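Protein chains: 4
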Amino acid sequence: MGPTETGSAPETLASFYRTLEQHDLQPLWPIADQLLTQSPQPATKPWMWRWASVLALAERAGELIAIHEGGDRRVLSLANPGLLGRPFATSTLWGAVQYLNAGEHAPAHRHTPGAIRFILVGDGVYTTVDGDACDMHPGDLVLTPSWNWHDHNSSADEPVVWFDGLDIPTVLALDAVFFENYPDEKLQDVEQEHNRSERLYGGRALLPLGAAEDTHSHSPLLVYRRADIDAALTALLSQGGGPMASLEFVDPTSGRPVMPTMGCEMHRLVPGRRTRPVRRVGSSVVVVYKGAGSSVISGQLFKWNSGDMLAIPSWAIVEHEAAEPTDLFAITDAPVIKAMGLYREEIHETPQHVTRVFS
Amino acid sequence: MGPTETGSAPETLASFYRTLEQHDLQPLWPIADQLLTQSPQPATKPWMWRWASVLALAERAGELIAIHEGGDRRVLSLANPGLLGRPFATSTLWGAVQYLNAGEHAPAHRHTPGAIRFILVGDGVYTTVDGDACDMHPGDLVLTPSWNWHDHNSSADEPVVWFDGLDIPTVLALDAVFFENYPDEKLQDVEQEHNRSERLYGGRALLPLGAAEDTHSHSPLLVYRRADIDAALTALLSQGGGPMASLEFVDPTSGRPVMPTMGCEMHRLVPGRRTRPVRRVGSSVVVVYKGAGSSVISGQLFKWNSGDMLAIPSWAIVEHEAAEPTDLFAITDAPVIKAMGLYREEIHETPQHVTRVFS
Amino acid sequence: MGPTETGSAPETLASFYRTLEQHDLQPLWPIADQLLTQSPQPATKPWMWRWASVLALAERAGELIAIHEGGDRRVLSLANPGLLGRPFATSTLWGAVQYLNAGEHAPAHRHTPGAIRFILVGDGVYTTVDGDACDMHPGDLVLTPSWNWHDHNSSADEPVVWFDGLDIPTVLALDAVFFENYPDEKLQDVEQEHNRSERLYGGRALLPLGAAEDTHSHSPLLVYRRADIDAALTALLSQGGGPMASLEFVDPTSGRPVMPTMGCEMHRLVPGRRTRPVRRVGSSVVVVYKGAGSSVISGQLFKWNSGDMLAIPSWAIVEHEAAEPTDLFAITDAPVIKAMGLYREEIHETPQHVTRVFS
Amino acid sequence: MGPTETGSAPETLASFYRTLEQHDLQPLWPIADQLLTQSPQPATKPWMWRWASVLALAERAGELIAIHEGGDRRVLSLANPGLLGRPFATSTLWGAVQYLNAGEHAPAHRHTPGAIRFILVGDGVYTTVDGDACDMHPGDLVLTPSWNWHDHNSSADEPVVWFDGLDIPTVLALDAVFFENYPDEKLQDVEQEHNRSERLYGGRALLPLGAAEDTHSHSPLLVYRRADIDAALTALLSQGGGPMASLEFVDPTSGRPVMPTMGCEMHRLVPGRRTRPVRRVGSSVVVVYKGAGSSVISGQLFKWNSGDMLAIPSWAIVEHEAAEPTDLFAITDAPVIKAMGLYREEIHETPQHVTRVFS
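Protein chains in written order, with our numbering: chain A, 1 to 359; chain B, 1001 to 1359; chain C, 2001 to 2359; chain D, 3001 to 3359.
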C-alpha cells in the first residue's frame, strides 16, 4: 500500500482519480514522495564538455553560419543530457561558447536574461553595453546585464571565442523573458573613449562620490580584468595557503554578486592538493580557464584540461585536484538560492569513492 | 531562410546539427526566437477551478482516503492544464485545497518549500508550527514557512477545508527541495498557550524590543486574523475610494513579504466598478474569499463566486469587476520577481475585448 | 610626571603650549586621559522630575503665558542639572511637557528635529501632521517626524498635557537644525477624515500593497493607540513571565525604530520583582505612565509615581522594581548608537548598593 | 514683546522662571528662536591651519616630547577657534597631525572613536591593526577603526607626519567613548606578512568568496594606496571633464563609507576652473594633499598650498579654484548626517562675494 492507506477498492480510486483529472485537480498523496524528496534530485547530470570538441565545432559553425542583422549570435549552448533536450547546462544556468570571426559584428539587442562573457581565445574585440564599448581580452569578464543593449564587435585578425553564461532557465521559469532588437537592427553608437564603466567604477575600493546611493539591480562595473583577477588570486592564496583560493566578482557599489540571478567566481587550485568534499544547494557551470586536473562530482571522475567545461548539479558532492596550476571560472545560481533563503552546504570529512569515470 | 542566413546546403547543416547533438551542444540560432521572446509566453493558462466541484471532490477524498502517520496530507492540487500534467496552478505557484475530517490529525513534517494556509470552511483546528499551536478560523491566514515543523490537528465536529499555497514549483526549479518526517512520525508537543507568534509579533506596529534585529528569512508572525484583515480593508477602501483596495500580508519585523518566495495579498472590490486593465511580470493564484463577480484575463471572461480559484499567468492583462462586495485572496511570486530585478507592470487605458468565456 | 615623559623644562613646555594655542593647535598628550576615558563619562546626571511639580508649573504657565500665532508652544523642558543650564534631559534627548488650555491652538511649523508626543492628561485634542489630523488620547503616542508640518488643536473642555520627546541635542550637535513657520503662521487645512496614517499603516502586519517599497526615513504611521499598547504588553508579559516586558514602537513598513534619531519603548513591570542590573551605551528619558515603584540608577535610588520622569545617562547601571502594576514609557537614542556601531550592553548579576536616595 | 505675548507683569514672569529653574525646568518660549533656527548656526568657523606652521610645531614637539609606553601619541590637534577651546576641527570631527621620529614606536591601545591616518611626509612606517601591519606611504590612507587595537611603528630614518582624522566629537556627544591600553602597554605581535587586509579585500571588485555576507560596522580593508587613488582620480576626471572629480573611499564589501561615523573623500581640481557654489548639511576637514589654489567658504577667502588644512562648517557655501593641479583629501560626517535622514544640499548659480580674506 502507498503512503496513505485507503480502505478503498483500487477501481474506486482509479475512477476517483479520473474525475479529479477531469476537473484539473491532482491528488497529492500518490506523488508526495516524488515531489517532496528528502534531498534535491536534480535532473541536471554532472557533465563535461571537452574544449577540443567544442572549439572544433565552433570553428565549423564559423564556416557554416553567417551573422546578419537581426539579432543573430553564433552560439553553441551546452545541453546537459539530463535536461531532456533543453539547451541548458544546468536547471538554472545557460552555458555556451560564442564565436566571432575576424571583423564580424553581432548586432545590438537586449533581453531580460542577464549575461556574462568570459573571454577564452582572441583579442581585439569589444562589446558595447548601453553605448559603452567594453574591450575584451582573454581571461577578462564582461557583463551585459538584464535589459542593457549590447552588440559584439571584432576588429581582430583572428576569430574570437568566449564563454557565455546566462540566467535564461531561471528567467524562463519565472515567465519574465523580454527581448528587443535595436532600432534598425544596427550597432549602437559608441562613446569615443572605451570602458567608461571601468573608469567610473573600476577603482580599488574607490567610488565616484555618491555612487553607492544609486539603486540598481546589477553591477555598474561591466569589465573585470585578467591581471586584477590573477593578482587577487595570488594574494588570496598567499593568505589562505590552499588547497584552493576562491574569489567572487562583485558589484563594487554594494559588494553583492554582479547580478541578482547569477554569481561569478574564480578558484585557484594548488597542484597536488585535493579540496575537501563539499556540497551546496544550487548549481554551477565551471570553465577551466587554465590548468589540468580532475574533479569528482557525485562519485564520477572528470579529468579536465584548459577550456573544458563542467556542469555541477545542486547538492552534488564535489572535490577538485589540480595536476598543474589551475584557475577555474564558474557561474552559479547562488544569489538566487540565498535570496530565497534556501542555501545549505555540507563539508564532508572523507573523500568520495569514485564509482565511474567520465569519458 | 531563417534568422541567420547561411550559404550552407541543408544537408550540410543537418549533418552539422547531428554532430553537435552528439557532443551535447545545441545551436542557438534556430531556436533564439522561441527562447528569447519579445514578451513572456507562459505555459500557464488563465484558468478557474469552481468551488462547488473542488469541495465535492475534497469531500469525496475525505471518504476515500485516510490520513495516517507518515507525513500524509489529504490535498487536491490545482493542475493548470497548460502545465502538461504537472500539479501546479501556475509555473511558480502551487495551489490546492486541504481537507481534514473531524478529529483528524495530519502528522508533523517539514520541507524547504514554504506554505500558507488560508482557511475557507470550518473551525476548531490548529496547525502546530515548531511547537506553536496556531488556531485557524475562516478567513485567517496561517504560515508554515520553509523548514518549520508543522502538523494539522482537528478537534472540530465538522470537516475543515483550507487553501494551501506553496512555492513548490520555484523550489523545485532551484533543485532545493528537502523533506523530513518528524521523529516517529508523530505530532509535535504543543506549548500550553496557543498562538505564541501572535502574542509576540502580532502587535500593531509594536514589537518585542530588539525583535527587528534578529535575522530570519520569513515572518516570525505565523497567523493573520480575519477581523484584522477586514478592518484593514475597510480602512484602506475608505481612504482610497476604490474600485479596489489592496493589502499585503507582511513580516512585521521588516515590512517585507511573509516569505522570500511567495507573497500574500487581499483585494476588496467595490461592486459595479471595473478595475483598470493591468499586467505584471509574475503569476498569482486568486481565491474568491467571498463575493461574486467576473474577471477578464487575457481576453477571457471568468465569472466567479465564493470559493472559486483562478490562475493568473505572468504578463496577462487582468481586470476585475464585482457584482457584490468581494474579497479576493491571492498568492503571488512577486517577491521572487522583484528580488531578481525582473518586475514590470503596465496599466492600460482601454478595457480588453472579451474573446472567450470560460465555462 | 604625566603620561608622556618629557625631558623638557616646565617653562619651555609652557612657552611651547602658548605658541601652539596662538596657531589654533592643542597638544593631545596632556588631555588624552580626559578625552579618551576608559568608559563613558556622561555629563548627564541620573535625575527625576516629579509629576506633581511639573504639572503645577505647567498649569501656572497656562495662566501666565498665551499662545499666539508665530510658532509658539507652551513647553517646559526638563533641564538636566549635569548639562550646565542647557534645556536637555540627557546629552542627546530633549524631554518636556506641553500644556494646551481648552480650545487653544498652537500654529503650524516644521523643523528637522523630530518629535514624539506621549499623551498624559486630557482628551479632545488632535495634532495635524502634513494635513493629517491625528487624534490624541491618554496613553497614545503621536509622531511629528522631521520636517513634517504640525500644529496642535484643542476642542477639549479641560487642559491637555503631554510629554514631548525630541532629538534636538543630536540634531544640534550635527549642525542640522532647520525651522520654518507655516505660511501666514496659520493652522494647516485638515483632511475631513482624521487619522489617515492609521487607516493606511495601522493594520496588524497588513500594509497597503507596495507600501514597504517606498523609501522614507521615518515611520509613515503617526499614531499608536493605548489599547493596542496595553494588549501587546499583556501578551508579551504572558509570554515572557517578567519581571519586565519591553516593546518597541516601530515603523510598520520596516520594523525599524519610528525615527532614525530616536526610539520609543514601553516597559511593563511585574510588582515585587526587581529587574536585573543592566547598563547600555546610550541615554533615555523615562515617563512613568502609570504605577509606582523605584529605580536604582548608578547607585542612586529614585522612588517614583505616575507621571514622574527620569533621565538615565549612558552606561549607567539601572534596576527597576514596581510596587504596583507599572508601565514605563521611554525615549532613547539607541537608533543612533546602533547605527554608529557603538552599542554595548552589560547585564550584571548582583544588585547595586544604593549609595544615595534622590529627594 | 517677545514671540509669545503674555499679559503678565515682568516681575511675575521673572519669579515664575526662577521657580522653574529650582525645579530643573526651562521654558521653551524665550529660547525657541535661538534653539530652532531657520538654518544651521554652527559654532564651527571656517578656518585654515598652515602647513608651514603646523609642521614646524610638530617638529618642535618631536624635540620636546618623548613617546613612552602608556598609550601616548605625539599629536597636535586642530582647535577650531569657534569651538571655545575644545580640541576639535569642527563640531563633529577631530583633525590633527601626528609626528613620529625615526625609530619611534607608539604603543598599542584601542578606543571606540574610529580613526583614519592620511600620510603626508615620510616613509618606512607601519600601523599594526589587530595584528595586521599596514605599511604607510605618502598619500596612502590607513584605517584604525573603532575598537581595533593599533600601534604605530617607525623604522624610518626620517620623521614621519600624517593627518589624523577621528570622530571623537560625535562619539563624545553620544557618551560612547571607551578606551583600553594593550596588555603591558606593549606593541602587538605582528603577522609575518604585512598588509593582510589589502591581500584579502584589496581586489578590484573582487572579494574572497562569501566576504560580503559577514557583518561588520566598518571596512575590513584598512589601506588605500596613493597609486590607486591617483589612477581613479585620473579616470574619473577624464570621464567627467571637471572642474572637479570626487571619489569616496569605501568598504569594498558594501560600497558604503569606511566607517559609519566618518567618510573619506578625495577631490581633484582642474586648474583655473572654479567649482560651483554648494552647501551641504554636515561638516568636513580638508587637507591639501598637493597643489595650490583658493577656496571661498561663507564669503571668506582662503589661499592654500600643499599641506594646509581647512575646516568647513555645516551649511557653509563652498567654492574651490586651483591654481595648479590639486588633490584635496577630506573627512566628513556625511555618513552620520545621511543615516539620520538630515542630509540636504543646495547648489547655487552665482559665485559668492568675498567679504573677508583669511590671513
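There could be a bad hint or two in this list.
Some chain B residues flagged as far from chain A (calculated, every beta-carbon gap over 10 angstroms) [as the list claims (entries may be wrong)]:
#1 A1156
#2 D1175
#3 L1209
For each label pair, taking beta carbons as the anchor points, the in silico distance ranges come out as [claimed, not checked]:
#4 R60/A to G3242/D: 25 to 31 angstroms
#5 E59/A to E2213/C: 29 to 35 angstroms
#6 H23/A to H1348/B: 31 to 37 angstroms
#7 H216/A to S3306/D: 52 to 58 angstroms
#8 R3050/D to A2043/C: 33 to 39 angstroms
#9 S1306/B to T2234/C: 32 to 38 angstroms
#10 V1190/B to S238/A: 53 to 59 angstroms
#11 G3240/D to H216/A: 43 to 49 angstroms
No farther apart than 30 angstroms at their CA atoms in a straight line, the calculated lysine-lysine pairs in the DSS-like style are these [claimed, not checked]:
#12 K1045/B to K1303/B
#13 K1045/B to K1338/B
#14 K45/A to K290/A
#15 K1338/B to K2045/C
#16 K2290/C to K338/A
#17 K338/A to K45/A
#18 K2045/C to K2303/C
#19 K1186/B to K1338/B
#20 K1338/B to K3338/D
#21 K1290/B to K1303/B
#22 K3338/D to K3186/D
#23 K3338/D to K2338/C
#24 K338/A to K1290/B
#25 K3303/D to K338/A
#26 K3045/D to K3303/D
#27 K2290/C to K2045/C
#28 K3045/D to K3338/D
#29 K2338/C to K2045/C
Keep in mind that the hints were calculated from the coordinates and are not lab data. Note that the coordinates shown come from a computational prediction; the quantities given were computed from them, not determined experimentally. Don't be surprised by glycine CBs; every beta carbon is placed ideally from N, CA and C.
Hint check:
Once the 10 angstroms rule is applied to beta carbons, A1156/B is consistent with being away from chain A; the minimum gap is 21 angstroms. Annotated as non-interface, D1175/B brings its C-beta within 10 angstroms of a C-beta of chain A; the closest such distance is 3 angstroms. A cut-off of 10 angstroms between C-beta atoms confirms that L1209/B is not in contact with chain A; the least separation is 25 angstroms. Checking the proposed 25 to 31 angstroms range against R60/A and G3242/D shows it is violated: the Cβ atoms sit about 52 angstroms from each other.
Checking the proposed 29 to 35 angstroms range against E59/A and E2213/C shows it is violated: the Cβ atoms sit about 49 angstroms from each other. In this structure the supplied range 31 to 37 angstroms holds for H23/A paired with H1348/B, their Cβ-Cβ distance being about 32 angstroms. Taken as a hint, the range 52 to 58 angstroms is violated for the pair H216/A and S3306/D, whose Cβ atoms sit roughly 38 angstroms apart. Taken as a hint, the range 33 to 39 angstroms holds for the pair R3050/D and A2043/C, whose Cβ atoms sit roughly 34 angstroms apart.
Between S1306/B and T2234/C the CB atoms are about 36 angstroms apart, so this pair conforms to the stated range of 32 to 38 angstroms. Take V1190/B and S238/A: their Cβ atoms lie about 55 angstroms apart, and the range 53 to 59 angstroms holds. One distance hint, 43 to 49 angstroms for the beta-carbon pair G3240/D and H216/A, is violated here, with the actual separation near 19 angstroms. At roughly 16 angstroms between alpha-carbon atoms, K1045/B and K1303/B fall within 30 angstroms of each other, so this suggested pair holds.
For the given pair, K1045/B sits about 22 angstroms from K1338/B by alpha-carbon distance, which is consistent with the 30 angstroms threshold. Proximity of K45/A to K290/A is assessed by CA-CA distance (about 24 angstroms); at most 30 angstroms being required, the pair is judged to hold. For a cut-off of 30 angstroms, the pair hint linking K1338/B to K2045/C is broken: about 50 angstroms separates their Cα positions. Taken as a hint, the K2290/C and K338/A pair is broken in the structure, with Cα atoms around 47 angstroms apart against an allowance of 30 angstroms.
Between K338/A and K45/A the alpha-carbon distance is near 22 angstroms, which keeps this suggested pair within the 30 angstroms criterion. A C-alpha spacing of about 16 angstroms is found between K2045/C and K2303/C, which places the hinted pair at or below 30 angstroms, so the restraint holds. Between K1186/B and K1338/B the CA atoms are separated by roughly 38 angstroms; this puts the pair beyond 30 angstroms, and the hint is violated. For the proposed pair K1338/B and K3338/D, the alpha carbon gap of about 26 angstroms is at most 30 angstroms, so the pair holds.
Taking the CA atoms of K1290/B and K1303/B, the gap is near 13 angstroms; set against the 30 angstroms cutoff, the hint holds. Straight-line distance between C-alpha atoms of K3338/D and K3186/D comes to about 39 angstroms, which puts the hinted pair past the 30 angstroms bound. Between K3338/D and K2338/C the alpha-carbon distance is near 15 angstroms, which keeps this suggested pair within the 30 angstroms criterion. Taken as a hint, the K338/A and K1290/B pair is broken in the structure, with Cα atoms around 37 angstroms apart against an allowance of 30 angstroms.
Of the pairs offered as hints, the one joining K3303/D and K338/A is violated, with about 54 angstroms between alpha carbons and a cut-off of 30 angstroms exceeded. For the hint linking K3045/D to K3303/D, the alpha-carbon distance of about 16 angstroms falls within 30 angstroms, and the restraint holds. Straight-line distance between C-alpha atoms of K2290/C and K2045/C comes to about 24 angstroms, which keeps the hinted pair within the 30 angstroms bound. Restraint check: the Cα-Cα separation between K3045/D and K3338/D comes to about 22 angstroms, which is no more than 30 angstroms; the hinted pair holds.
Between K2338/C and K2045/C the alpha-carbon distance is near 22 angstroms, which keeps this suggested pair within the 30 angstroms criterion.
In summary, the structure is inconsistent with hints 2, 4, 5, 7, 11, 15, 16, 19, 22, 24, 25 from the numbered list given earlier, while agreeing with the others.
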